[in-house]
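Asker: One letter stands for each residue in the lines below.
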Amino acid sequence: MEYFELAIGCIFINNILLAQFLGNCPFLGTSKKMETAVGMSMAVVFVMVMAGIFTWTVDTYLLKGLGVEYLRTVSFILVIASLVQFVEMFLKKSIPGLYAGLGIFLPLITTNCAVMGACLLNISKEYSFMQALAASFFYAIGFGLALILFAGVRERINLARVPKALQDTSIGLVTAGMIALTFTAFKGMV
Amino acid sequence: MAQSLAKEFTKGLWAELPPFRLVLGLCPVLAVTKTVENGLGMGIATTFVLVFSNLLVSMLRNVIPTKVRIACYIVIIATFVTIVEFLAQAFAYPLFLALGIFIPLIVVNCIVLGRAEAFASKNTPVMAIADGLGIGIGFTLSLGAIGLVREFLGAGTITIWGGTPVFDMTSVFANFQPFGFMIEAPGAFVALGLMLAVMNLIPSK
Amino acid sequence: MREMISMVVVLTVLTAVSGGLLAAIKSGTELRIEEQVLKFQKAPAIAQIFTDVSNDPLAERFNVETEGTTLQVFPGKLEDGGTAVAFETKGKGGYGGDVGLMVGINTDNDQIIAVRVTTHSETPGLGARAKDDPSFVSQFADLSLEENLDLKNNNGSIDAMSGATITSQAVCLAAIQAQELYKKLKPEILKQIQ
Chain A
5 MEYFELAIGC IFINNILLAQ FLGNCPFLGT SKKMETAVGM SMAVVFVMVM
55 AGIFTWTVDT YLLKGLGVEY LRTVSFILVI ASLVQFVEMF LKKSIPGLYA
105 GLGIFLPLIT TNCAVMGACL LNISKEYSFM QALAASFFYA IGFGLALILF
155 AGVRERINLA RVPKALQDTS IGLVTAGMIA LTFTAFKGMV
Chain B
645 MAQSLAKEFT KGLWAELPPF RLVLGLCPVL AVTKTVENGL GMGIATTFVL
695 VFSNLLVSML RNVIPTKVRI ACYIVIIATF VTIVEFLAQA FAYPLFLALG
745 IFIPLIVVNC IVLGRAEAFA SKNTPVMAIA DGLGIGIGFT LSLGAIGLVR
795 EFLGAGTITI WGGTPVFDMT SVFANFQPFG FMIEAPGAFV ALGLMLAVMN
845 LIPSK
Chain C
214 MREMISMVVV LTVLTAVSGG LLAAIKSGTE LRIEEQVLKF QKAPAIAQIF
264 TDVSNDPLAE RFNVETEGTT LQVFPGKLED GGTAVAFETK GKGGYGGDVG
314 LMVGINTDND QIIAVRVTTH SETPGLGARA KDDPSFVSQF ADLSLEENLD
364 LKNNNGSIDA MSGATITSQA VCLAAIQAQE LYKKLKPEIL KQIQ
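Protein chains in written order, with our numbering: chain A, 5 to 194; chain B, 645 to 849; chain C, 214 to 407.
Hints listed in this document are in silico derivations from the structure and should not be mistaken for laboratory results. Small disclaimer: the values here were computed from a predicted structure and weren't measured. Take the hints with a grain of salt, since some may be wrong.
Said to hold, decoys possible - Computed beta-carbon distance windows for the label pairs:
id, chain 1, residue 1, chain 2, residue 2, range
1, C, R215, A, T64, 37 to 43 angstroms
2, A, S128, B, W658, 34 to 40 angstroms
3, B, A789, A, Q171, 17 to 23 angstroms
4, C, I389, A, T64, 24 to 30 angstroms
5, C, I389, B, T710, 42 to 48 angstroms
As the list claims (entries may be wrong) - Here are the computed lysine-lysine pairs in the DSSO-like style, where the Cα-Cα straight-line distance is at most 27 angstroms:
id, chain 1, residue 1, chain 2, residue 2
6, C, K365, C, K290
7, C, K303, A, K68
8, C, K399, A, K129
9, A, K96, A, K37
10, C, K305, A, K191
11, A, K96, B, K711
12, C, K365, C, K303
As the list claims (entries may be wrong) - Negatives, chain A to chain C, calculated, CB over 10 angstroms:
id, residue
13, F8
14, A11
15, T61
16, L66
17, L75
18, E92
19, P100
20, L102
21, R158
22, L163
23, K168
24, A169
25, M182
Note that beta-carbon positions come from the ideal geometry of N, C-alpha and C, so glycine has one too.
Could you build the full structure based on these sequences and the hints that come with them?
Answerer: Written out as structure tokens, the structure reads:
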């Protein structure tokens, strides 16, 4: 039950893209085609869960243990950057099929603030290890859901006649606002 | 020299004005612009990081090995971000509370890393500072402008500094009802999208 | 090989300098940050709890050690000559994280004077009412510490805020924690007040 509430909270109510405003650059950048949106979502799920686990461990045992919480920003970004690098190398060598799909998105994830943001949220909410793991996963699912929904709408918009000034990012943002509006309906559910 | 310096500075204020011309670093733009004050505070914090990380990256550009350059930039940027975090806590605590998680997240702001990689690593320290300052001030003014639109429409107030509004619509029209949508999350997207459209109408050169 | 060494050396030096610099800045700003936390988080809550005290609770604050952690206690001299203390506890499991609660207790009759929320990240309009709208927290005023400070659902004496049960529960947890801490630390606190 506790995890069910966590899932609803992380996926819908506090959706990382539409309610917390994290990870908007890839949101707008990779949503022009459904194919890239799906690829990016998969890559984010993969990296966010891994990053959630690693940063939680680093924070609990290393930073809190040594009493150097102020190095959190530096160490988290280093953990995420090296993790992404490592995942990229690993996929390239061992699972080339998956790499072909996710490869080009991985470098983008280092500066995806959704990953870093989810890790920081896990710490600020003082989650346990299992909660942090679950929350990272659900945040990533929420990211994927919003991104894929958005890509679907955007593919339709490409066929529509949009005033010149509003084209591309501009209409994209307004559309994102409308999707965010539907997500506010989940507020107060838990 | 002076001419090119001025050019690097002013491009950030108009031709490459983030986030309108350079559609990067959108997360803080959307998240912290509920009031003008928060927008400006975030802009100033980002400018601080931009200027100093640009300076340091530029100074060390011949020392840093190419293969680990991104890691080095990240360490430099993260260090200045943490310094900003300390300074905000010590000197602007209410702002620190309002910006919350978005201060540490300056580290993943694409603008900062983008300037380090695209500009500072190839230019002299003086030029890098001019570039960082220009982009930073442009970013600050943009955040302030978005904050102005959202706060004015969404709450009917304008708050520049210290948490007390300098202007309040209810003092002009007693029955004024603000358009609360603008303060909410969806309003952020719509406000930025429409402002971007207005900017698209004005040519960048 | 030379490149390899320079890579390692540069990265190590950079991280070491960064760590050192940050440690120095941390110790330089530590005192000021503590003052700011007092001024903006705790002082407003304390001012609302001790409406008529003849001393300055912030200036006379003292620390009590308990199980390895330090509890900051703010003493107040009441108008009728009695003494009171206020201290902050954290209620786990709020909707958006922990809820900080400042609890004021009259040490003469062991009654709660008042409680106020200090920090929270609850939803505006729902859980955030715990701080903005005093009608919920005012239920704690004048309750005896023998009372069950839980929600009515859990056989306590507090009505939950409608639509914000999770936040209400977190506030109650903080109050119960304060109750237990006070019972345990009362002798220690009284010794320091004198």
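Asker: Against each hint, give a clear statement of whether it holds in the structure.
Answerer: Going through the hints against the structure:
1. R215(C) to T64(A): 37 to 43 angstroms: holds (39 angstroms)
2. S128(A) to W658(B): 34 to 40 angstroms: Taking Cβ atoms as reference, S128(A) and W658(B) lie about 38 angstroms apart, which means the hint holds.
3. A789(B) to Q171(A): 17 to 23 angstroms: holds (22 angstroms)
4. I389(C) to T64(A): 24 to 30 angstroms: holds (26 angstroms)
5. I389(C) to T710(B): 42 to 48 angstroms: violated (59 angstroms)
6. K365(C) to K290(C): Violated: K365(C) and K290(C) sit about 33 angstroms apart, past 27 angstroms.
7. K303(C) to K68(A): holds (19 angstroms)
8. K399(C) to K129(A): Answer violated: K399(C) to K129(A) is near 31 angstroms, above 27 angstroms.
9. K96(A) to K37(A): holds (24 angstroms)
10. K305(C) to K191(A): holds (21 angstroms)
11. K96(A) to K711(B): Roughly 18 angstroms between the alpha carbons, so the hint for K96(A) and K711(B) holds.
12. K365(C) to K303(C): Between K365(C) and K303(C) the Cα gap is close to 21 angstroms, so the pair holds against 27 angstroms.
13. F8: holds (14 angstroms)
14. A11: holds (15 angstroms)
15. T61: The claim holds: T61(A) sits with its nearest Cβ about 19 angstroms from chain C, beyond 10 angstroms.
16. L66: The claim stands: L66(A) keeps its Cβ more than 10 angstroms from every Cβ of chain C (closest is about 13 angstroms).
17. L75: violated (6 angstroms)
18. E92: Consistent with the label, E92(A) stays out of reach of chain C, its closest Cβ about 18 angstroms off (over 10 angstroms).
19. P100: Its Cβ never comes within 10 angstroms of chain C, the nearest being 27 angstroms, so this holds.
20. L102: Non-interface label stands for L102(A): nearest chain C Cβ at 29 angstroms, farther than 10 angstroms.
21. R158: holds (30 angstroms)
22. L163: At about 38 angstroms from chain C, L163(A) clears the 10 angstroms cut-off, so the statement holds.
23. K168: holds (38 angstroms)
24. A169: Its Cβ never comes within 10 angstroms of chain C, the nearest being 33 angstroms, so this holds.
25. M182: holds (22 angstroms)
The earlier numbered hints that this structure contradicts are 5, 6, 8 and 17.
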